[in-house]
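There are 2 protein chains.
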Amino acid sequence: MSIGNLTKKTILSQANEAKKAAKSLSLLSSKEKNEALQKIADEIEKEASFILQENKKDLKIGRERHYDDAFMDRLALSEARILSIATSLREVTQLHDPVGDIIEEWNLDNGLHVKNIQVPLGVIGMIYEARPNVTVDATGLALKSGNAIVLKGGSSALYSNKALVSVIHQALVQTSIPTEAVQFIATADREITEQLFTMHHYIDVLIPRGGRSLIETVVKKATIPVLETGVGNVHMYIDEHADVKKVISIVVNAKTDRPAVCNALETLLINKTWFQRNKELLFSELKKCNITIHGDQVVTHHLPEALTATETDWAEEYLSLDLAIKIIGNVEEAIEHIDSYGTKHSEAIITEDPQVAKQFMQEVDAAAVYHNASTRFTDGGALGFGAEIGISTQKLHARGPMGLPALTTSKLCLSGNGQIR
Amino acid sequence: MSIGNLTKKTILSQANEAKKAAKSLSLLSSKEKNEALQKIADEIEKEASFILQENKKDLKIGRERHYDDAFMDRLALSEARILSIATSLREVTQLHDPVGDIIEEWNLDNGLHVKNIQVPLGVIGMIYEARPNVTVDATGLALKSGNAIVLKGGSSALYSNKALVSVIHQALVQTSIPTEAVQFIATADREITEQLFTMHHYIDVLIPRGGRSLIETVVKKATIPVLETGVGNVHMYIDEHADVKKVISIVVNAKTDRPAVCNALETLLINKTWFQRNKELLFSELKKCNITIHGDQVVTHHLPEALTATETDWAEEYLSLDLAIKIIGNVEEAIEHIDSYGTKHSEAIITEDPQVAKQFMQEVDAAAVYHNASTRFTDGGALGFGAEIGISTQKLHARGPMGLPALTTSKLCLSGNGQIR
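Chains as they are written, first to last, in the working numbering: chain A, 276 to 696; chain B, 276 to 696.
Treat the hints as calculated values from the structure; they're not laboratory data. All values derive from a computational prediction rather than experimental measurement. A couple of the hints might just be wrong.
[Claimed, not checked] Here are the simulated lysine-lysine pairs, DSS-like style, with alpha carbons at most 30 angstroms apart:
hint, chain 1, residue 1, chain 2, residue 2
1, B, 495, A, 298
2, A, 283, A, 306
3, B, 284, A, 496
4, B, 547, A, 298
5, B, 321, B, 331
6, A, 633, B, 283
7, A, 284, A, 295
8, B, 437, B, 283
9, B, 562, A, 496
10, A, 547, A, 562
11, B, 495, B, 437
12, A, 495, B, 283
13, B, 496, A, 633
14, A, 495, B, 495
15, A, 295, A, 562
16, A, 495, B, 298
17, B, 314, A, 495
18, B, 495, B, 283
19, A, 390, B, 633
[As the list claims (entries may be wrong)] Derived CB-CB ranges, DEER-like:
hint, chain 1, residue 1, chain 2, residue 2, range
20, B, 385, A, 371, 19 to 25 angstroms
21, A, 595, B, 445, 50 to 56 angstroms
22, B, 495, A, 608, 55 to 61 angstroms
23, A, 285, B, 475, 30 to 36 angstroms
24, B, 377, A, 607, 24 to 30 angstroms
All C-beta atoms in this analysis are idealised placements derived from N, C-alpha and C, irrespective of residue type, glycine included.
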């Protein structure tokens with residue numbers, strides 16, 4: 276099988292096929308779409324050993340290239356992970372299909388009937404990194420919401436993704452969904468990939484999912500609208516009147532439950548009075564969890580083993596058991612720091628003072644703001660939305676966890692009997 | 276008064292001032308915002324002669340530069356137009372303020388309270404052309420929805436816009452809204468202006484309003500999300516089973532009522548059987564309205580005085596009393612033509628066959644699709660939304676006429692008592 280041997284012309288024709296498939300896909304019933312997802316899930320389980328065999332090729336190349344453990348873990352599939360991919364697909368069949376929902380319906384005085392309905396976006400361009408499960412998760416959500424999808428996964432997962440897409444196609448031929456609705460861009464050539472970013476006429480939206488540099492590249496080079504996802508430089512402000520027990524439990528949960536995900540805590544901003552009272556307990560609890568502290572001068576003065584935080588510590592996600600800590604005077608300073616360094620994902624305050632909490636919740640600009648809870652709840656599953664295609668950190672179209680409705684748009688349908696203006 | 280003497284640094288500090296003002300503006304009540312709009316309306320009426328005097332300077336320069344009549348008309352203000360600008364502002368005070376509306380509210384099983392509320396976008400960057408009224412209309416809608424605004428109008432209207440903004444500022448000092456919430460970029464230097472397009476940290480959305488080239492420049496150069504507006508290459512398909520009286524009345528209305536607006540008809544696609552039966556009547560009615568026909572070979576064969584349509588005729592808006600006509604075989608060909616040349620604004624079918632109408636409405640991809648009515652209804656006022664900041668021709672965030680809700684986003688507010696995951 277040839278890998279990565281693509282030209283701009285091939286990509287253009289793939290995008291065109293997706294656009295054509297999107298049209299017929301947009302007319303299918305929920306039942307037809309659910310049956311197709313079910314069939315994909317079945318086929319993935321049946322072909323588990325083929326998928327694992329192809330995944331091994333990626334893992335071998337990955338080891339040769341000395342990717343780090345975290346990266347290799349994201350790349351690796353197993354029987355259990357394949358089962359979980361299939362299970363997720365079956366869960367998507369249970370979600371409400373927003374396509375065809377009537378958003379609003381009314382008559383003008385002249386009798387013109389206006390109906391605003393939810394319709395699929397059309398063609399989704401999904402640009403992602405190592406995780407092969409995204410190939411199937413994104414496909415499931417796209418198809419369920421009546422969209423075609425053009426997949427461009429990381430080149431490190433090329434064998435795994437090709438295998439998964441061939442299994443998806445094998446399933447789709449048995450269903451009402453045309454196989455052309457799922458296109459896979461099999462190249463490691465960046466220049467070719469970037470052609471996708473300006474294919475307005477064929478692709479309706481680009482969703483980059485991965486690290487900051489991937490997302491910034493897409494935003495910079497795309498002329499197609501982009502749904503930015505995922506970068507979460509998450510802060511928590513510990514107010515003077517924060518309950519110590521809540522602080523310890525929430526900080527430990529937000530930092531250590533899954534440090535590599537985007538809703539994990541990255542920077543603690545601590546009120547100086549609270550810090551004076553509770554620093555020993557806090558430091559000892561963080562130490563128990565093997566958290567490495569990067570502190571400002573006040574912190575390093577009290578905890579000489581802490582590393583000195585630099586500009587990078589405030590600006591970047593760690594995605595590891597590292598935590599930046601800054602001691603500040605009040606909630607206004609917290610809001611200002613978040614304005615400068617936040618990525619508009621999830622931000623929290625811990626306090627027993629409702630006025631200060633209110634000010635923080637109102638003034639902090641983010642997809643999700645928390646009072647006295649862990650930021651780990653910014654997640655489609657945890658909030659009850661079902662599976663998500665990403666967590667939007669931008670303000671247009673969709674903010675926070677994006678489920679099926681984020682993959683639709685609206686259409687005004689006006690029916691008359693000769694109305695003119 | 277110095278005009279157009281700006282640097283990148285000045286623009287950056289203006290954007291920064293807007294961002295700061297947006298924070299306090301987002302906390303104001305509807306009452307405070309309405310009072311401010313009322314005050315601006317009063318002040319504009321009071322300063323009408325000053326505004327007209329400054330507008331005359333732009334008109335003089337425009338005549339020297341030999342701008343065409345349509346352009347000069349868009350640029351010109353009059354007592355009546357100034358009154359109408361003030362009236363529009365007062366109408367905006369009557370619209371529902373979406374800020375603070377609860378979109379959804381629920382509790383998780385663990386007691387965490389989740390509230391999804393509507394909040395302002397923050398700072399809107401408005402890029403527009405000759406019409407000075409956009410300066411006030413856009414400001415009114417932005418402020419009412421709690422947003423700061425950075426205005427960059429066409430350089431041909433520089434004196435008029437500066438006058439209007441100074442009057443707006445004069446009004447705002449008497450209100451709760453900081454004057455910094457309305458920033459005007461007083462430059463004719465494109466390179467300086469384009470700096471705005473990448474000021475992520477300060478501007479939340481760019482709204483270009485004007486011709487295709489303005490919009491394409493913004494889309495291409497911006498890294499800030501763009502709400503595309505306005506370009507409407509509007510088609511109407513006359514089906515075999517179209518009622519002749521409806522066709523004549525709807526076509527004449529859609530083409531001639533206001534040919535320069537974006538929901539005006541540009542291309543007629545006519546079923547060949549209908550055309551054979553009704554061509555004489557159609558041509559004679561179009562002639563009565565002084566419409567210039569650009570036809571395909573079939574049309575020019577039957578109407579030698581018609582111009583021969585070229586690729587440009589199918590692809591571009593005329594915005595004048597010109598009309599492209601193509602004779603086709605069926606609704607599928609109509610849909611295909613619209614897929615190739617449409618701008619996803621407004622598209623219509625005239626037919627008495629409900630099946631064909633249904634197919635057209637379902638398969639055509641546009642903000643508004645019509646059956647047996649004029650496309651002139653794609654308009655915030657006509658549909659009952661109130662004033663609009665533009666008509667979105669894209670699929671993300673807002674589609675069709677964009678009123679106040681399009682200038683807001685959502686924010687998840689989560690309140691707990693120590694919940695962790």
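Do the hints match the structure? See the list:
1. B:495 <-> A:298: Roughly 27 angstroms separates the two Cα atoms, so the pair holds.
2. A:283 <-> A:306: violated (36 angstroms)
3. B:284 <-> A:496: This hinted pair holds, its Cα atoms lying about 25 angstroms apart.
4. B:547 <-> A:298: Measuring from Cα to Cα gives roughly 25 angstroms; hence the hint holds.
5. B:321 <-> B:331: holds (18 angstroms)
6. A:633 <-> B:283: With a Cα-Cα distance of about 37 angstroms, the restraint between residue 633 (chain A) and residue 283 (chain B) is violated, given a limit of 30 angstroms.
7. A:284 <-> A:295: holds (17 angstroms)
8. B:437 <-> B:283: holds (19 angstroms)
9. B:562 <-> A:496: With a Cα-Cα distance of about 48 angstroms, the restraint between residue 562 (chain B) and residue 496 (chain A) is violated, given a limit of 30 angstroms.
10. A:547 <-> A:562: holds (20 angstroms)
11. B:495 <-> B:437: holds (28 angstroms)
12. A:495 <-> B:283: Within the cut-off at roughly 20 angstroms; holds.
13. B:496 <-> A:633: violated (38 angstroms)
14. A:495 <-> B:495: holds (9 angstroms)
15. A:295 <-> A:562: violated (57 angstroms)
16. A:495 <-> B:298: holds (27 angstroms)
17. B:314 <-> A:495: The given pair, whose Cα atoms are some 41 angstroms apart, is violated under the 30 angstroms limit.
18. B:495 <-> B:283: Since the Cα atoms of residue 495 (chain B) and residue 283 (chain B) sit roughly 20 angstroms apart, the hinted pair holds (cutoff 30 angstroms).
19. A:390 <-> B:633: holds (13 angstroms)
20. B:385 <-> A:371: 19 to 25 angstroms: holds (23 angstroms)
21. A:595 <-> B:445: 50 to 56 angstroms: Since residue 595 (chain A) and residue 445 (chain B) have Cβ atoms about 54 angstroms apart, the given range 50 to 56 angstroms holds.
22. B:495 <-> A:608: 55 to 61 angstroms: With a Cβ separation near 39 angstroms, residue 495 (chain B) and residue 608 (chain A) fall outside 55 to 61 angstroms, so the hint is violated.
23. A:285 <-> B:475: 30 to 36 angstroms: holds (34 angstroms)
24. B:377 <-> A:607: 24 to 30 angstroms: holds (27 angstroms)
The structure fails to meet hints 2, 6, 9, 13, 15, 17 and 22 from the earlier list, while all remaining hints are met.
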